[in-house]
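Undergrad: Here is what each chain is made of, one letter per residue.
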Amino acid sequence: MEPARGKAMVDVALTDTNIEQPAWLSRTKALARLRISDSLFFQITRAAAVAVLGLLGSIIISLVIGASPALKEFGFGFLVSERWNPVTENFGALAPIYGTLVTSIIAMLIAVPLGLLITLFLTELCPLWLRRPIGIAIELLAGIPSIIYGIWGLFMLAPFLQRTLQPFLIDLFGNVPVLSTLFAGPPYGIGILTAGLILAIMVLPFITSISRDVFEAVPPVLKEAAYGLGFTTWEVVRYVVLPYARVGVIGGVMLGLGRALGETMAVTFVIGNAHKVSPSLLAPGTTISASIANEFTEAVGDLYTSALIALGLLLFVITFVVLSAARYMLMRIERRIG
Amino acid sequence: MATANALYTRRRRRNGIVLALSFSATAIGLGWLAIILGALVWEAFQGLSLKVFTEMTPPPGAEGGLLNPIVGSLIMTTLGVAIGTPIGILAGTYMAEYGRYSHITKVVRFINDILLSAPSIIIGLFIYEVVVAPMGHFSGFAGSLALAVLVIPVVVRTTEDMLLLVPTELREASTALGTPRAKMIWNVCYRAARAGMITGVLLAVARVSGETAPLLFTALNNQFFSADLNAPMASLPAVIFQFALSPYQDWQKLAWVGALIITFAVLALSVIARALTASRAQS
Chain A
55 MEPARGKAMV
65 DVALTDTNIE
75 QPAWLSRTKA
85 LARLRISDSL
95 FFQITRAAAV
105 AVLGLLGSII
115 ISLVIGASPA
125 LKEFGFGFLV
135 SERWNPVTEN
145 FGALAPIYGT
155 LVTSIIAMLI
165 AVPLGLLITL
175 FLTELCPLWL
185 RRPIGIAIEL
195 LAGIPSIIYG
205 IWGLFMLAPF
215 LQRTLQPFLI
225 DLFGNVPVLS
235 TLFAGPPYGI
245 GILTAGLILA
255 IMVLPFITSI
265 SRDVFEAVPP
275 VLKEAAYGLG
285 FTTWEVVRYV
295 VLPYARVGVI
305 GGVMLGLGRA
315 LGETMAVTFV
325 IGNAHKVSPS
335 LLAPGTTISA
345 SIANEFTEAV
355 GDLYTSALIA
365 LGLLLFVITF
375 VVLSAARYML
385 MRIERRIG
Chain B
3 MATANALYTR
13 RRRRNGIVLA
23 LSFSATAIGL
33 GWLAIILGAL
43 VWEAFQGLSL
53 KVFTEMTPPP
63 GAEGGLLNPI
73 VGSLIMTTLG
83 VAIGTPIGIL
93 AGTYMAEYGR
103 YSHITKVVRF
113 INDILLSAPS
123 IIIGLFIYEV
133 VVAPMGHFSG
143 FAGSLALAVL
153 VIPVVVRTTE
163 DMLLLVPTEL
173 REASTALGTP
183 RAKMIWNVCY
193 RAARAGMITG
203 VLLAVARVSG
213 ETAPLLFTAL
223 NNQFFSADLN
233 APMASLPAVI
243 FQFALSPYQD
253 WQKLAWVGAL
263 IITFAVLALS
273 VIARALTASR
283 AQS
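Residue numbers (this note's numbering), protein chains in the order written: chain A, 55 to 392; chain B, 3 to 285.
Think of the hints as simulated: they come from the structure by calculation, not from any bench.
The reader is advised that the hints may include incorrect statements.
[As the list claims (entries may be wrong)] Calculated cross-link-like contacts (lysine to aspartate or glutamate; reagent style EDC-like; alpha-carbon spacing at most 16 Å):
| no. | chain 1 | residue 1 | chain 2 | residue 2 |
| --- | --- | --- | --- | --- |
| 1 | B | Lys53 | B | Glu65 |
| 2 | B | Lys185 | A | Asp225 |
| 3 | B | Lys108 | A | Glu388 |
| 4 | A | Lys277 | A | Glu289 |
| 5 | B | Lys53 | B | Asp230 |
[What the hints assert, rightly or not] Some chain B residues near chain A, calculated using beta-carbon distances under 7 Å:
| no. | residue |
| --- | --- |
| 6 | Ile38 |
| 7 | Ala93 |
| 8 | Asn114 |
| 9 | Ile123 |
| 10 | Val132 |
| 11 | Glu174 |
| 12 | Ala215 |
Cβ atoms here follow ideal geometry from the backbone N, Cα and C, with glycine treated the same way.
Just chain B, same shape as in the assembly (with noise of 0.2 Å):
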């Protein structure tokens, strides 16, 4: 009896033990984020102004803002977005809507995976190596087409997914009525998943405007204002990495309130992303 008891109380306690340290696991883990987010909002916050929206990068020791990166950010993931979406949903239909039993299919989905966690410097390279190098020079464009690269396994995987989750009944109905199959899918197949199509677009938004490595030898960076796709073009996620390691303080300052856009803008794309999904589940 007293062993017995002995060897219940162990296993209490072992199992209180696993149980306090999970518990603290999971305050580690929200602990940090908090931290994180905190140290952003507060570091930002001192060099927040109107002038951040309104005035180039400056030299340093001078005051300015991030009007060039914003554009230029705004310009590239723009076109990388448009650039790799009907790419990515046309594959995604396909292995959905004509391969889905077809060996192709079932590759293109291994490979696609492997994209999608692919370290994004050696897409960077990849596009150096093809756009870069025989252009002979640095430019946005080539950072948009690096940027669409890692759209594509974003959009695909979603499309794919949400494709597979429209009844067969649907197909099978419009098909009954004669409809020839590229316009069911048109308008029968897309209209349905069109709530978790729209969720992987935000989804690669989110991705790439945070994505910093691809840019680097990409579209480079650019001290001035400059539109033009031809010439090397400025980005948040690089002028961060540049400001940030300076050891010019303004640069610094200018560094954390560039980290604090990117991340608000990325997060409430996810956000949005995720109340979209989540609607559609309920409804």
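Only chain A is shown next, with the shape it has when bound in the complex (with noise of 0.2 Å):
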């Protein structure tokens, strides 16, 4: 290495050596420090290893604290309690779940096939020299923050949809019997259909990137066995690379799965903040983190705070579960590809 600056610890023991003691005291001492320095630094890295861990533990046990009172009064009644009364202090927690898994449902069917298809196009069609730009740019939709598709959905996505998307829906589907309901209402512009169509957006490089990764995975040799069977490109795709890559691209679409659940801004901007379980996909409603940001810095009284809080916990609960099934299945085909 470098010999200025890093003494060896031959030098330290060396030309540490003072003329009163003994060449083989000051190297034993010199020795001592170091086994104690060695042994120091070992445990500052666990110590720091094991406070990941207690993290993630300190952050469950404080939410059931704060969310403790809430539960306490309303029970289980809160899960499936629609009303949200401030003022008389009467709190139900259904619209905002209903709101979070319509709008996580809506961006899933958005993304999941639109990121597979892109997949495909990366994997299978686009030229080499193309491959990477365009990976990166796909990827780059990932690496803009939320609050920026929070305004631009407010200011340019939901006007747009209001004049165009949504008058087309309702008139569409006016007359067939259960879509008039899933349409009905004014076009607001704002709701949970658009909330759904932003997240989609949002997690569309989560559901590419990964499951770019597990297609490349595919041993090449399969593939070619088929292509030389005659199949299409499609066939190969259907049936060589995605039975192969099955477990990958569902654990990839629970990663983006997750991020949809407990995205906060962009949906706070576009839901529209309504505490109600209504049909309409059209209608604005609300999800959990949007409440949370909403009303968490206006919230009076113990109980209204620990409401949001308990609606924060019963979020953290949801996305804990989908995350480790989605861990869990990455890390099994990790485990196939070596």
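Take the two lone chains, each set in its own frame, and fit them into one complex as the hints suggest.
TA: Dropping the structure here:
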């Protein structure tokens, strides 16, 4: 290395020799010093690793403590009640849970096919020199902060949808029995559908980048054999690549779902913050994270604050389950790739 | 023969349809990126001026800039990264160097991956519960801590990955020379993995500088200039949130300008991080 800066152990042992001390004594001392610093460094790094575990533990504990007043007051009814009245201090989480699930489902319905098609393009169709730039561009979508999606959704996407897509949907499905309730009401622009659309764009890069990794991990021999038998590109993907990469793709989708469930700012801008469960996708609603972001600083009274923290706890439990499942599946495919 | 041909045509057609769909899906993805960035630049350039960087956030209806949120964001991001990075690097070091095959490492890796994608608003609630509520008031310090919690998993992940890439031969060689383990990690492993670890920190900076949700109820916001860590502090994302949802034209314009500043800072950071890893991979 650099002899000037880093003193090697031998140098320390030899040059630090005092005249009064015999060489072996100072050498032992130097070694002891090194041993101490060695074990100290080990202990510090281990403490840091344990601290990461402690972090998750303390997040859970603090949320449970914060949520307990509300959970005690409302019990199980908190989960199934739609009322949300800060004045009478009566809270139920049904509307935010409903909004969170519905927006995420819309997002996944759009983002999964779109992401897989982009992956197909990137791994099978795209010329080699274009793969990297296009891949990076898609991943840049993940780099844009969520508040940017929010402001763009509010000022650009929502008015656009209000003028075009939403009236079209209302007209189109106005007389169809089930779909007419799904697309009922005036076109507000903001609402559950808009939030779902924005979430779809936001999770698209996660799905694309993970499925790209697992698509590329498919042994080329398998694909070549299939092509050699006369498969078309689509058939190769459908019957060779997808079955092989299934677990990984599902893991990637779950990871995207975890993001969609917890996404806050982008949704807060366009969801409309209405605590009600309405069957129409065009109506304003709310999600767990949007409720917390909108109301937490304005919450007066311990029960109100506690109800919002209980919402947070609920969100954490849901995302924890989804993300654990995602990680488990991705670990399985990693083990297979070796 | 005729049926075989029909089958072949059908397969060809189906293939063509899927390929066309995949082509348009990519076009949609890229188009969406272009639309968002285009809208951002278009809206923001109308409000961009030197005043943005020299004046405070204005009251409604007046002219002003974004100096206090920019400074607030810089302070909180710097402090958050300064707190989170050492913890992350140390934890990553343990996982890659000491406990590579231990059970703790497996658990920490799993938990860390969960923290990496956990909703950031939860982190805000957590810091509110453990810092803001006991202190009794919002503060820039609480905001920094919330950001630090977000920094840790990113740094842990990249540090571990990069240290695992360091060839075992290097470790063996330095151990054979009698180097103590801690010294080896500092002088051999860290040095070999430096570019990757810096990338990790840059990615962490990029991630937290756009975060809004964890700041909303930790640092809150501040209409005035304040470098006091013990008081509420303005930040760009929080100001964008407040201004964009306001009914005032001037405020909305400033929100767009702030959005442009953040986006370009974040994208520049991720491009630099990418370039660092790319040059490393080539060499």
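Undergrad: Now, for every hint given, state plainly whether the structure supports it.
TA: How the hints compare with the structure:
1. B:Lys53 - B:Glu65: With Cα atoms ~9 Å apart, lysine 53 of chain B and glutamate 65 of chain B stay inside 16 Å; holds.
2. B:Lys185 - A:Asp225: Status violated; Cα separation ~72 Å.
3. B:Lys108 - A:Glu388: 14 Å, holds
4. A:Lys277 - A:Glu289: Holds - the C-alpha atoms of glutamate 289 of chain A and lysine 277 of chain A are around 10 Å apart, at most 16 Å.
5. B:Lys53 - B:Asp230: Not OK: lysine 53 of chain B and aspartate 230 of chain B at ~23 Å, beyond 16 Å, violated.
6. Ile38: 5 Å, holds
7. Ala93: Where the cut-off is 7 Å and the nearest Cβ of chain A is about 4 Å from alanine 93 of chain B, the hint holds.
8. Asn114: 6 Å, holds
9. Ile123: Because about 5 Å separates isoleucine 123 of chain B from the closest Cβ in chain A, which is inside the 7 Å limit, the hint holds.
10. Val132: 5 Å, holds
11. Glu174: Given a least distance of 16 Å, the restraint on glutamate 174 of chain B is violated.
12. Ala215: 4 Å, holds
Of the numbered hints listed earlier, those contradicted by the structure are 2, 5 and 11.
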